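Visitor: Each chain is listed here by its residues.
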Amino acid sequence: MIIRKERVNDFLNGLRAGYRLYAPVQTQAGPVFAPVNGATGWSWPAGNTLKSAKEVFLPQTETLFTYRTSLDGVQVEEARVEGRVVLLGVRPCDARSLTMLDKVFAGEGVRDPYYTARRENTVVLGLACNEPCGTCFCTSLGGSPFGTAGCDLLWVDLGDRYLVRVLTDRGKALVEGRPEFAPAGDADLAAARELEEGALGRMGTVPVQGVKEKLDRLFADPLWDRVYEKCLGCGTCTYLCPTCHCFDLTDEVIDGLGVRLRTWDACMYPLFTLHASGHNPRPTQKERFRQRIMHKFKYFVDNFRETACVGCGRCIRYCPVNIDIRAVLAEISAG
Amino acid sequence: MGTTEKIREIAAGLLRDGKVDVVIGYGPGTLPLRSTPLFARTVEEAERLIWDATCGNNLAVYLPGRKDRVGIVVKGCDSRAVVQLIHENQIAREQVFVIGVPCAGIIDRRQVEAAVEREIRAAREEGAELVVEGDGWSRRFNREEVLYGACRTCRHNNPVLYDALAGEPLPPRDGGPTLVEIWEKKPAGERRDFILSEMARCIRCYACRNACPMCYCTECFVDSSTPRWLGRATDAGENLFFQIGRVLHLAGRCVACGACSRACPMDIKLGLLLGKMNKDVLELFGHEAGLNPEEPPALNAFRPDDPETFLLGK
Ligand code: SF4
Ligand code: SF4
Ligand code: SF4
Ligand code: SF4
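Protein chains in written order, with our numbering: chain A, 1 to 335; chain G, 1 to 314.
Here chain A stands alone, though its shape is the one from the complex (with noise of 0.2 Å):
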């Protein structure tokens, strides 16, 4: 289908009255995911969002429940996940993401009731990366700027209107008999693929054949010494990271009112292993920073047969030392 750019405000003004919209809004920072009301106040920016659509999924500091104790007992009060969404231009590695997160969270035996009832309440809407950024690599790992998988509905901005396409009932519901959409035709898909075509032609590629076997026999290797040796041990890029998923429950109890709070939490930081006993197994950020990289290379893989990694850049970009996980990769797959 194909909606021209001018209607595509009727567009989401229809989605209202139905659904909460998330849309790109950009902040002194750069653009994150936040609710918007129709189609003024956000634009789809032109790489990555800075924090990923993970956080939407999966909040940073998210209430599970709530409680009261006293002398007749704990009264519990789950929290509730409200309502429908619309996620607006999640770019096709976060859209990839999602289908990794769900494997987590909504897979087979254990299935998450906060995270699995946002994603069934929330319709992707994934926006093709005509533009690629020069920290992209989301092809060596099995995606495409044009990927589709873990999108609803994928829109490729071909200029004055956006090519539309359906991938789910969910995505169609959304869509169907709506007014602003029309058939594509011929030239609209042929256009289409030349863009996809431009766009794969701008991808680098990281060398990633291989890593995972030579990984599984990395573990004590010398090789660690090096790479980690400049990382400050911080929470940039697992927390901007649309895969990382590692979290911590606390209580905060105050006179008897408590909230169980989920909050993100990184493989990076000493507290994150700290036994009770005083002992972390992983001492030093050397294996911290390991564990980063088996987790997404090998363990996921090992455990989901998949690599944890859909290449969206934005541990390259953000690393406060510019450890660049495309050079990391590049020294295992050379080690």
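Calculated directly from the structure, the hints in this document are not laboratory data.
Remember, predicted model here, so these are calculated numbers, not experimental data.
Some hints here could point you the wrong way.
Claimed, not checked - Pairwise CB distance ranges (calculated):
(1) A:L249 - G:D21: 38 to 44 Å
(2) A:L249 - G:P296: 15 to 21 Å
(3) G:V116 - A:H275: 36 to 42 Å
To be verified - Examples of chain A residues toward chain G, derived with CB under 7 Å:
(4) Q60
(5) N130
(6) C133
Claimed, not checked - Computed list of lysine to any residue pairs in SDA-like fashion (alpha-carbon distance at most 25 Å, straight line):
(7) A:K286 - G:R118
(8) A:K286 - G:D223
(9) G:K276 - G:E88
(10) G:K276 - A:Q28
(11) A:K212 - A:K298
(12) A:K286 - G:G29
(13) G:K269 - A:G201
(14) G:K279 - G:T153
(15) A:K286 - A:G198
(16) G:K67 - A:Y228
(17) A:K286 - G:K6
(18) A:K214 - G:R69
(19) G:K67 - A:P281
(20) G:K19 - A:D225
(21) G:K67 - A:K298
(22) G:K67 - A:G278
(23) G:K279 - G:G176
(24) G:K186 - A:A29
(25) A:K214 - A:H295
(26) A:K298 - A:G278
(27) A:K212 - G:T30
(28) G:K269 - G:F302
(29) G:K67 - A:K212
(30) A:K286 - G:G105
(31) G:K269 - A:K5
(32) A:K286 - G:P28
(33) A:K286 - G:G27
(34) G:K276 - G:P28
(35) A:K286 - G:F221
(36) A:K5 - G:G105
(37) A:K212 - A:D186
(38) G:K186 - G:P172
(39) G:K269 - G:G167
(40) A:K286 - G:G176
Just so it is clear, CB atoms sit at the ideal spot from N, CA and C, and this is done for glycine as well.
Following the hints, position chain G with the ligands against chain A.
Guide: Below, chain G with the ligands without anything else, positioned relative to chain A:
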């Protein structure tokens, strides 16, 4: 001889003569306008050291607790961190060989990125100009105009402590009003609103703390779980509490290098809080951290005429 060559020569000599085990300097980054810390342990590795206006990281962050002998490349502000760390017994003077670099200012890449509004694919310095290039476009900046605010008013651009100097000392800048001086004149309400809106953006990644050479506590108060001083929720209140705690722990110790705000992925103006605190310490105690290897830090010294305006009832 350029600064880069001079650094390489000094570093290679130190490593060749076995005077140090490692030289910590800067190497070429993988992105335009970025350099990266480089740990050189061989003469060959020393050949990869560089110096340019992107060498923003304060490498003194890698010093606390080291057991080896280390050569370190420092700018003016970084050298103050080395002095302060020696004062605080985090590294012994004999252990470090300080390679000082007179610094003409570091480029604020966010400012450049914001000005071009497109992806920068390459960048280089040409004399007093910075040239940035993207797909089919290029733009020139007066280098001076895209420096970090703190660099533009920096009074300590020459290292205060060094064993070898890579380059000629530069004239100190005349200062001019700092951002703090401009900012502290604003009405209290405006300052509060600004600080809270900055704090609301913070994701508590602690890059600021971890990039800071003076934040070396083995257990930061925010990581203490018994007792828990700080809630885990990321909201403006908790985030502000973290920063207030950090700033106060840095009273008389912050060397105004700006490493914290440069590291922050959310571009939070931490320099305002720290700058204000540094200004207070200077006005009250006449002390600037890390400037003088002979003079004890403000909080380590007691003078009978120290102002006590903070005591109740005074
Ligand atoms: S590891 Fe880095 S490049 Fe890969 S998905 Fe995470 S942030 Fe993106
Ligand atoms: S962002 Fe960089 S410095 Fe911070 S933990 Fe990640 S790799 Fe280390
Ligand atoms: S670096 Fe920035 S976002 Fe991270 S904790 Fe510090 S102020 Fe917050
Ligand atoms: S608080 Fe910031 S400016 Fe002060 S010494 Fe630490 S990193 Fe440098």
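Visitor: Would the pair G:K67 and A:P281 pass a check requiring their Cα atoms to be no farther apart than 25 Å?
Guide: Holds, at about 22 Å.
Visitor: That 38 to 44 Å hint for A:L249 and G:D21 (C-beta), does it hold up?
Guide: holds (43 Å)
Visitor: Between the alpha carbons of G:K276 and G:E88, is the straight-line distance 25 Å or under?
Guide: holds (23 Å)
Visitor: Run the distance test for G:K269 versus G:G167: straight-line Cα separation, threshold 25 Å.
Guide: Between G:K269 and G:G167 the Cα gap is close to 31 Å, so the pair fails against 25 Å, i.e. violated.
Visitor: If you draw a straight line from the CA of A:K286 to the CA of G:R118, is it 25 Å or shorter?
Guide: Given pair A:K286, G:R118 is violated - Cα atoms ~36 Å apart, limit 25 Å.
Visitor: Taking only the CA atoms, is the gap from G:K269 to G:F302 under or equal to 25 Å?
Guide: Roughly 32 Å between the alpha carbons, so the hint for G:K269 and G:F302 is violated.
Visitor: What's the verdict on A:K212 and A:K298, does the C-alpha distance respect the 25 Å limit or exceed it?
Guide: holds (5 Å)
Visitor: Is the gap between the beta carbons of G:V116 and A:H275 within 36 to 42 Å?
Guide: Once the Cβ atoms are compared, 49 Å apart, the range 36 to 42 Å for A:H275 and G:V116 is violated.
Visitor: A:N130 was flagged as interface toward chain G. Is the shortest Cβ-Cβ separation under 7 Å?
Guide: violated (12 Å)
Visitor: Between the alpha carbons of G:K67 and A:G278, is the straight-line distance 25 Å or under?
Guide: holds (24 Å)
Visitor: Tell me if the straight-line CA distance from G:K269 to A:K5 falls inside 25 Å.
Guide: It is violated: about 37 Å lies between the C-alpha atoms, which goes past 25 Å.
Visitor: Within 25 Å, alpha carbon to alpha carbon, are A:K286 and G:G27?
Guide: holds (21 Å)
The structure is inconsistent with the numbered hints 2, 3, 5, 7, 13, 15, 17, 18, 21, 26, 28, 29, 30, 31, 34, 36, 37, 38, 39, 40, although it conforms to all the rest.
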